[in-house]
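There are 2 protein chains.
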Amino acid sequence: MPYYISGVTADHRDLIARTTEEFREKNGVDVLTRHRVLEIDPGNRTVLVRDLESGAEFLDEYTVLLVSTGARAFIPAVEGVDLEGCFVLRELADSMRIKSFLEERGPRRAVIVGAGPVGMEMCESFRMLGLDVSVVDAADRPMPFMDAELALKVREKLESEGVDCMLEESLEGFEGDGSGTLRRVRTTGGALDCDIALLAIGIRPVTDLAASAGAALGVKGALRVDGGMRTNIDGMYAAGDCAVTFDAITGAETWIPLGSTSRKQARAAADSMFGAPVEFPGVVGTSIVKCFDLTVGRTGLDEGYAREMGYNPVAVSMEARSTPEYYPSGSNMALKLICDRNGGRVLGAQVVGDLGSGADKRLDVFAVCAAAGMTASDLEHLDLAYAPPYSNAVDVPLVAGNLMSGKLTGKPCSCDSHGLE
Amino acid sequence: MPYYISGVTADHRDLIARTTEEFREKNGVDVLTRHRVLEIDPGNRTVLVRDLESGAEFLDEYTVLLVSTGARAFIPAVEGVDLEGCFVLRELADSMRIKSFLEERGPRRAVIVGAGPVGMEMCESFRMLGLDVSVVDAADRPMPFMDAELALKVREKLESEGVDCMLEESLEGFEGDGSGTLRRVRTTGGALDCDIALLAIGIRPVTDLAASAGAALGVKGALRVDGGMRTNIDGMYAAGDCAVTFDAITGAETWIPLGSTSRKQARAAADSMFGAPVEFPGVVGTSIVKCFDLTVGRTGLDEGYAREMGYNPVAVSMEARSTPEYYPSGSNMALKLICDRNGGRVLGAQVVGDLGSGADKRLDVFAVCAAAGMTASDLEHLDLAYAPPYSNAVDVPLVAGNLMSGKLTGKPCSCDSHGLE
Numbered sequence: 025m026p027y028y029i030s031g032v033t034a035d036h037r038d039l040i041a042r043t044t045e046e047f048r049e050k051n052g053v054d055v056l057t058r059h060r061v062l063e064i065d066p067g068n069r070t071v072l073v074r075d076l077e078s079g080a081e082f083l084d085e086y087t088v089l090l091v092s093t094g095a096r097a098f099i100p101a102v103e104g105v106d107l108e109g110c111f112v113l114r115e116l117a118d119s120m121r122i123k124s125f126l127e128e129r130g131p132r133r134a135v136i137v138g139a140g141p142v143g144m145e146m147c148e149s150f151r152m153l154g155l156d157v158s159v160v161d162a163a164d165r166p167m168p169f170m171d172a173e174l175a176l177k178v179r180e181k182l183e184s185e186g187v188d189c190m191l192e193e194s195l196e197g198f199e200g201d202g203s204g205t206l207r208r209v210r211t212t213g214g215a216l217d218c219d220i221a222l223l224a225i226g227i228r229p230v231t232d233l234a235a236s237a238g239a240a241l242g243v244k245g246a247l248r249v250d251g252g253m254r255t256n257i258d259g260m261y262a263a264g265d266c267a268v269t270f271d272a273i274t275g276a277e278t279w280i281p282l283g284s285t286s287r288k289q290a291r292a293a294a295d296s297m298f299g300a301p302v303e304f305p306g307v308v309g310t311s312i313v314k315c316f317d318l319t320v321g322r323t324g325l326d327e328g329y330a331r332e333m334g335y336n337p338v339a340v341s342m343e344a345r346s347t348p349e350y351y352p353s354g355s356n357m358a359l360k361l362i363c364d365r366n367g368g369r370v371l372g373a374q375v376v377g378d379l380g381s382g383a384d385k386r387l388d389v390f391a392v393c394a395a396a397g398m399t400a401s402d403l404e405h406l407d408l409a410y411a412p413p414y415s416n417a418v419d420v421p422l423v424a425g426n427l428m429s430g431k432l433t434g435k436p437c438s439c440d441s442h443g444l445e
Numbered sequence: 025m026p027y028y029i030s031g032v033t034a035d036h037r038d039l040i041a042r043t044t045e046e047f048r049e050k051n052g053v054d055v056l057t058r059h060r061v062l063e064i065d066p067g068n069r070t071v072l073v074r075d076l077e078s079g080a081e082f083l084d085e086y087t088v089l090l091v092s093t094g095a096r097a098f099i100p101a102v103e104g105v106d107l108e109g110c111f112v113l114r115e116l117a118d119s120m121r122i123k124s125f126l127e128e129r130g131p132r133r134a135v136i137v138g139a140g141p142v143g144m145e146m147c148e149s150f151r152m153l154g155l156d157v158s159v160v161d162a163a164d165r166p167m168p169f170m171d172a173e174l175a176l177k178v179r180e181k182l183e184s185e186g187v188d189c190m191l192e193e194s195l196e197g198f199e200g201d202g203s204g205t206l207r208r209v210r211t212t213g214g215a216l217d218c219d220i221a222l223l224a225i226g227i228r229p230v231t232d233l234a235a236s237a238g239a240a241l242g243v244k245g246a247l248r249v250d251g252g253m254r255t256n257i258d259g260m261y262a263a264g265d266c267a268v269t270f271d272a273i274t275g276a277e278t279w280i281p282l283g284s285t286s287r288k289q290a291r292a293a294a295d296s297m298f299g300a301p302v303e304f305p306g307v308v309g310t311s312i313v314k315c316f317d318l319t320v321g322r323t324g325l326d327e328g329y330a331r332e333m334g335y336n337p338v339a340v341s342m343e344a345r346s347t348p349e350y351y352p353s354g355s356n357m358a359l360k361l362i363c364d365r366n367g368g369r370v371l372g373a374q375v376v377g378d379l380g381s382g383a384d385k386r387l388d389v390f391a392v393c394a395a396a397g398m399t400a401s402d403l404e405h406l407d408l409a410y411a412p413p414y415s416n417a418v419d420v421p422l423v424a425g426n427l428m429s430g431k432l433t434g435k436p437c438s439c440d441s442h443g444l445e
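First to last, the sequence lines map onto chains A and B.
Position in the first sequence counted from 1, then plus 24, gives you the working numbering.
Position in the second sequence counted from 1, then plus 24, gives you the working numbering.
In isolation and in its complexed conformation, chain A is listed as follows (with noise of 0.2 Å):
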């Protein structure tokens, strides 16, 4: 949605990724939009379902249901939220409306209150738009989700992009012109002037509908679902924003709400209610964001969070090339890596690199490696492929690996970004 408010994506509807009519003609799958389930009747199987165009209600009848209610965008509650200017962005209609306002109202100043991922991104989108744009957020940088070294690269694009950032600073308000339109953004470090105001501090399982129904919930308040999709209310599953799903690194209960995830657990959703034997593994937790030319991402656990699941992680940082300083069109990454003292697991992995630096490339390197149990050791001997225009005979992971296994070992080595000593 950022992209079709900067323009990148022309047009909305090639974000919707099947309509109800191809819904229909390809799946035989009858979507009601404009309908709403006032309750869910698990005793009966049953659905009370309410017509929001006739105002009609009735009974529809199951055998499984699949509560698939997703997420809303969290909405503080302070003062002036309601004010005209004042956005979230969670939907596509939030999309369309922040497009008209726009290009009816044509604001000149924008703050972005949060600097996680949809943060970035729409401070991309409002100064490619031309906007002015501050960011606050309560954490003491941006992109919190990354390390504070990782992330102060992200605080330097966005303020050589033009982006004032209000760090450790908090919300406490918004203030109108008297008519209802949005003039000004109160925080803990003063006030702000505005046009226009986004409020991206993070999203809230909706789960009211089917735990009145009895479903029980787990941790951040999502849906509680088993390997197989299953809450604990017999035929209901749940999958997506609105359930809860496993970190397959630690096995305990996580909720991130991730298009990736929804999408991997409603397939698995889909099996399970059709009675094949499912067995989700869960999520390492992999996430990147662009921000302007950067490439920010991260998989697995950070240092803090390892440590609270009782690992003994350490770290390795550096800084490499993309291909080698011979083939011209390579570009730099800073990476840390996270691996446990006891045995080298991977745990996770951070990167922030430019664009064509394919530190993505790199980032999903280590997500596989962190799913599938791999170790310090196994990153040192990764064959992975090596051309000049893709990467280097000692590519980036192998790197890590090396330094990863020489401090998890003592025995010394101090690489560079070509793995020589």
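Hints are not guaranteed to be accurate.
For chains that are exact copies, the list does not tell them apart, and a pair is met inside one copy or across any two.
Said to hold, decoys possible - Dumping the calculated EDC-like pairs for lysine to aspartate or glutamate here, alpha-carbon to alpha-carbon at most 20 Å:
1) 435 - 303
2) 177 - 188
3) 431 - 295
4) 431 - 327
5) 181 - 106
These are calculated hints, taken from the structure and not from any lab test.
Given the coordinates of chain A, assemble chain B onto it according to the supplied hints.
Just chain B now, with coordinates in the frame of chain A:
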């Protein structure tokens, strides 16, 4: 070196990872260039060395000895291989000779014998320099290490770039102009006028020295080593293109002479020579080449070799886009995944894609999965980094896994490149 020849890499010195001076200063290693070891005496642990400048010979002692004699270009015993204008491309000196010849003689027509990776890279280099290029190969396709349907895309690219492909034809010899300068290449398909020819039909391990001292040879005549890079001769180790390695999937001895393998073997040898317990796990056989603006790569086993090794290979082929349709910078790739019917293990994958398609990223994912012993079902559950500028919510390896699982289990599945059924 092809990039140095074309001028993409400006200075040949950038291709030297470390000079003798750097070895001495940074690593305390004495490198004697212009010296040849004539003989190894494993009983006395000495080597007989000739100083090629002075002609003087002397004995040097060792505790442990590493043989890293590399490989040489294969030169067939045909008429005219010594003509001026007839080259191989193996050593830095070869590339400097070719570059000088290009600059001094201004050849207009090039024939490349061999359509493997070196041949492909040189097609591009010669075309960049404005030469007419023909490529001759006895195989029915360029890049014979790729399966036919993917190699076809390489052929189409070569032809669209103006490269004349003469396939299923063999080299017969070279003809000169009477004064020792190349003028024509004779093949089973007729003669080709040319001013420069490159023989790129493979390499052979250089093993004479070690073999004379009693070192045993393995597959393809390379020096046989164990997981600790030890030859059968006490105190003698081998690594790099002169030595065999292991196929990490099958466990079989193999010879895959690549820089990426050499570097890992060298590190393993160094550890082993200094007493560390080392078990080099081998390689899965990952290889990639840029052919004009196409990425061509493979990892693991192809169907034929998998069958030879006792597997029951099942393949799925697909075309995919690197990013969602609505994100404009994406491009296309074709992919083939090979798994074992019995258990679904990932045996190999092949990709051909646009340079910007991130086909190399997906190849690395498959390479790690193959090394980790992952299955088609594991592919379906990979947690790869998703954001629209980088990938699809259900990215290519997952869709391939879905398709493969469908084929293995009989479950109907007709995903498109979004993973939608």
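To see whether the hints hold, each was checked on the structure:
1. Proximity of residue 435 to residue 303 under the C-alpha cut-off of 20 Å is restricted to the inter-copy arrangement: shortest distance 17 Å between copies versus 40 Å within a copy.
2. With identical chains, the CA atoms of residue 177 and residue 188 are at most 20 Å apart within one copy only, with a shortest distance of 15 Å there and 48 Å across copies.
3. Proximity of residue 431 and residue 295 under a CA criterion of 20 Å is satisfied inter-copy only: 15 Å between copies versus 44 Å inside one chain copy.
4. Taking the shortest alpha-carbon separations for residue 431 and residue 327, only the intra-copy value of 16 Å comes in at or below 20 Å, while the best inter-copy value is 41 Å.
5. In this assembly of identical chains, residue 181 and residue 106 lie within 20 Å of each other by CA distance neither inside one copy nor across copies; the values are 32 Å within and 57 Å between.
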